[in-house]
Amino acid sequence: MTGRQTIIPFGPQHPVLPEPIHLDLVVEDEHVISAIPSIGYVHRGLESLVDRREYQDFVYLAERICGICSFTHSSTFCQGIEGMMGVEVPKRATYLRTMWGEYSRIHSHLLWLGLFADSLGFESLFYQSWKIRESILNELEATTGGRVIQGVCKVGGVRRDVTNHFLSEMDDRLDGIEDEMKSLTNVFMNDYDVKKRLVGKGKLSKEDAYALGAVGPTARGSGLYIDARSTGYLAYGDIGFKPVAEKGGDGYARCAVRCKELFQSVEIIRRVITDMPEGPVSVSVKGNPEGEYFSRSEQPRGEVIHYIKGNGTKYLTQFRVRTPTLANVPALVSIIGGCDLADVPQIVLTIDPCIGCMER
Amino acid sequence: MNMEITSINVADVESVGVRMKNGGYRLVVITCTPADEGYYITYSFDKEFRLEHYRVTVSDGAAIPSIGKSYGGAFVYENEIHDLYGFTFEGMTLDFKGTFIKTSIPYPFKKKEQPAPTVTIVKEVKE
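For the record, the sequence lines run as chains A and B.
In terms of our numbering, the first sequence opens at residue 1 and continues consecutively.
In terms of our numbering, the second sequence opens at residue 1001 and continues consecutively.
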C-alpha cells in the first residue's frame, strides 16, 4: 500500500448500470477505502403531481414510478387508499393481485440474473435468463394486457378477471418455466466463474444489515427474515408465507436468495390459483380519502412504503414513496468500503439497484 | 396497519432515536409533510412487522437533530428532506450539503409562498 488516496468517479454512466447513479470511490492502490453516493440524475418529482391528479387517476402515475416493480407500486398505492377509506376489496381481487405481484417478482429477478450475467460477460447466461423472462411477460400480457405497465389495479379491486380455465392453463405452463429456471439457477449457484465473482464479495453482516435499514434480498442474504409479505397483506395471510433467507451475507447469498425466491413465487402462484375464490373482482368506491396512511408491500427489491395523505377532496395532499433501493443505499456504501476496485461493479449490482424507482 | 402517531418535541428527536435503537427497532423511513402550520417530520420504526411513528412539528428552515448516531442509514432520508424541503439536520453522519438530490430549483417541495392579501387600510378621519 502506498498510503496515497485517489478519488475515482464511478458512474453515472457505466456499462453495468442501466440507470444513472454516481459514486465517488476513495481508493488506495486497488483497494476501495470508502464510497460517497450521489443521486438526482433522474429525479422526476412524481410525488408533487399528487395534488393535480384525482386519486383514482393517480394509480397510473404510481405505476410509472418504476418499470419493473410497476404492478407492486400500483397495488401498494391502491392498498393505501383502500385502507384509508375502509374499502373492503373482494377476495378474488386480492388473490389476483397476489398472483400478478409474484409474476412481477419472477420477471424482476430473472431480469437481475440476466443483467448480472451480462456484467460478467457471460452472454449466453444473460440470453437464457431473459428468454425465460419472456414467458413470464407473456403471462402478464395475456392476463392484464400489458407486459411491463399492466394498468390492471384500481382502487377497490382490479380491472380484469382471469377465467378459471385460463388460470389452470397458466398453472400447467408453470411446470415448463420451473424446469427452465432450475437449469438456469444451477449455473448461477454452481458455475466456477459466477461463484468466483460472488463468493465473499460485498460482505454485509446481519447486525449491519439491520442497523443500516437494509431490505429485500439484500437484508435476507444477510440472514434477516425481513419481508413485508410476512404481515399477511393481500392473500399472503391466507396461504401462509415464510421468507427465504441465506446466512452468507455476501453477493453469492444475495444471488441465492433471488434464485430461491423464483421457486417460492412459483409455489405461491400455484397455491393462489388452486385456492382462487369465486366472486367479483372490484367494488365501487364512493367518496374521497381523508386522513393519512402508511401502506407497505414487498417489491422484488424489498419493502416499499407509500405514505398517503388526503383531505376529503378528490385530490390527495401528500404522497411520499420510500423505495427499497433508497433503503439499501447505506448498506451499499458499507459493503463497497474495503473491497477491490475491480469488484465494485458486481457488488453494486448485487443490491439490484433501481435508480428510477429510488428517485421517483 | 398501525397509524398511531406520537408527537414529540424537536429536542427529543435524538433521544427517541437512541431509545428505538436500543429497543431493537429498525428505521423504516423519515417522511416530511407540509402541515397547516409548518411541517410534520415523521420517523417510522419497525419491530416484528409493527410500525411505530414519532412526529415533530417544525417551522420553515428549522434545524433538527440528526438520528445518524443511532441509525447510520438515516443520512439518505435526512439529506433528501434537506434537498427537497430545506431543513437542516445537525450532526448527520454523511452531509452532502445540498447535493444528494440535484434539483433545478432549490427546495422544490417547500410550501409555495401565498400571495399577500390585498388590504386597503382606511384611516378614520377625526374631526
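Careful, some of the hints might be misleading.
To be verified - Below, simulated BS3-like cross-link-like pairs (lysine-lysine); rule was C-alpha separation at most 27 angstroms, straight line:
hint : chain 1 : residue 1 : chain 2 : residue 2
1    : B       : K1102     : A       : K203
2    : B       : K1021     : A       : K314
3    : A       : K260      : A       : K247
4    : A       : K314      : A       : K286
5    : A       : K286      : A       : K182
6    : B       : K1097     : B       : K1047
7    : A       : K242      : B       : K1021
8    : A       : K196      : A       : K206
9    : A       : K206      : B       : K1097
10   : A       : K206      : A       : K131
11   : B       : K1110     : B       : K1097
12   : A       : K206      : A       : K154
13   : A       : K154      : A       : K203
14   : B       : K1047     : B       : K1069
15   : B       : K1102     : A       : K260
16   : A       : K182      : A       : K131
17   : A       : K182      : A       : K247
18   : B       : K1102     : A       : K247
19   : A       : K91       : A       : K154
20   : A       : K242      : B       : K1097
21   : B       : K1102     : A       : K206
22   : B       : K1047     : A       : K203
23   : A       : K154      : A       : K260
24   : B       : K1047     : B       : K1021
25   : B       : K1097     : A       : K247
26   : A       : K91       : A       : K242
27   : A       : K247      : A       : K91
28   : A       : K314      : B       : K1097
29   : B       : K1111     : A       : K206
30   : B       : K1110     : A       : K203
Claimed, not checked - Some chain A residues well away from chain B (every beta-carbon gap over 12 angstroms; in silico):
hint : residue
31   : R4
32   : H22
33   : Y41
34   : E180
No lab work stands behind these hints, which were simulated from the structure alone.
Being a predicted model, the structure only gives us computed values, none of them experimental.
Backbone N, C-alpha and C define an ideal beta-carbon position, used for all residues, glycine too.
Take a quick look at whether A/K206 and A/K131 sit within 27 angstroms of each other, Cα to Cα. violated, 34 angstroms
Do the alpha carbons of A/K182 and A/K247 lie within 27 angstroms of each other, as the hint requires? holds, 22 angstroms
Far enough from chain B: is every CB of that chain over 12 angstroms from the CB of A/E180? At roughly 34 angstroms from the nearest Cβ of chain B, A/E180 sits farther out than 12 angstroms, so the non-interface label holds.
Given pair status - A/K131, A/K182, alpha carbons within 27 angstroms: Status holds; Cα separation ~14 angstroms.
Within 27 angstroms, alpha carbon to alpha carbon, are B/K1111 and A/K206? Violated: B/K1111 and A/K206 sit about 40 angstroms apart, past 27 angstroms.
Under the criterion that the straight-line Cα-Cα distance not exceed 27 angstroms, is the pair B/K1047, B/K1021 satisfied? holds, 10 angstroms
For B/K1021 and A/K314, compute the direct alpha-carbon distance and say whether it is at most 27 angstroms. Violated. B/K1021 to A/K314 sits at ~39 angstroms, over the 27 angstroms cutoff.
Given the proposed pairing of B/K1102 with A/K260, does the C-alpha separation stay at or below 27 angstroms? violated, 38 angstroms
Satisfaction of hint between A/K203 and A/K154, Cα-Cα up to 27 angstroms: Status violated; Cα separation ~41 angstroms.
Does the structure keep A/K242 and B/K1097 at a Cα separation of 27 angstroms or less? Status violated; Cα separation ~42 angstroms.
The output says A/Y41 does not contact chain B. Does that hold with a beta carbon cutoff of 12 angstroms? The claim breaks: A/Y41 does not keep its Cβ more than 12 angstroms from every Cβ of chain B (closest is about 7 angstroms).
Compare the distance between the alpha carbons of A/K196 and A/K206 with 27 angstroms, and conclude whether the hinted pair is satisfied. Holds, at roughly 22 angstroms.
Hint check: violations occur at hints 1, 2, 5, 6, 9, 10, 12, 13, 15, 18, 20, 21, 23, 25, 27, 28, 29, 30, 32 and 33; the rest are consistent with the structure.
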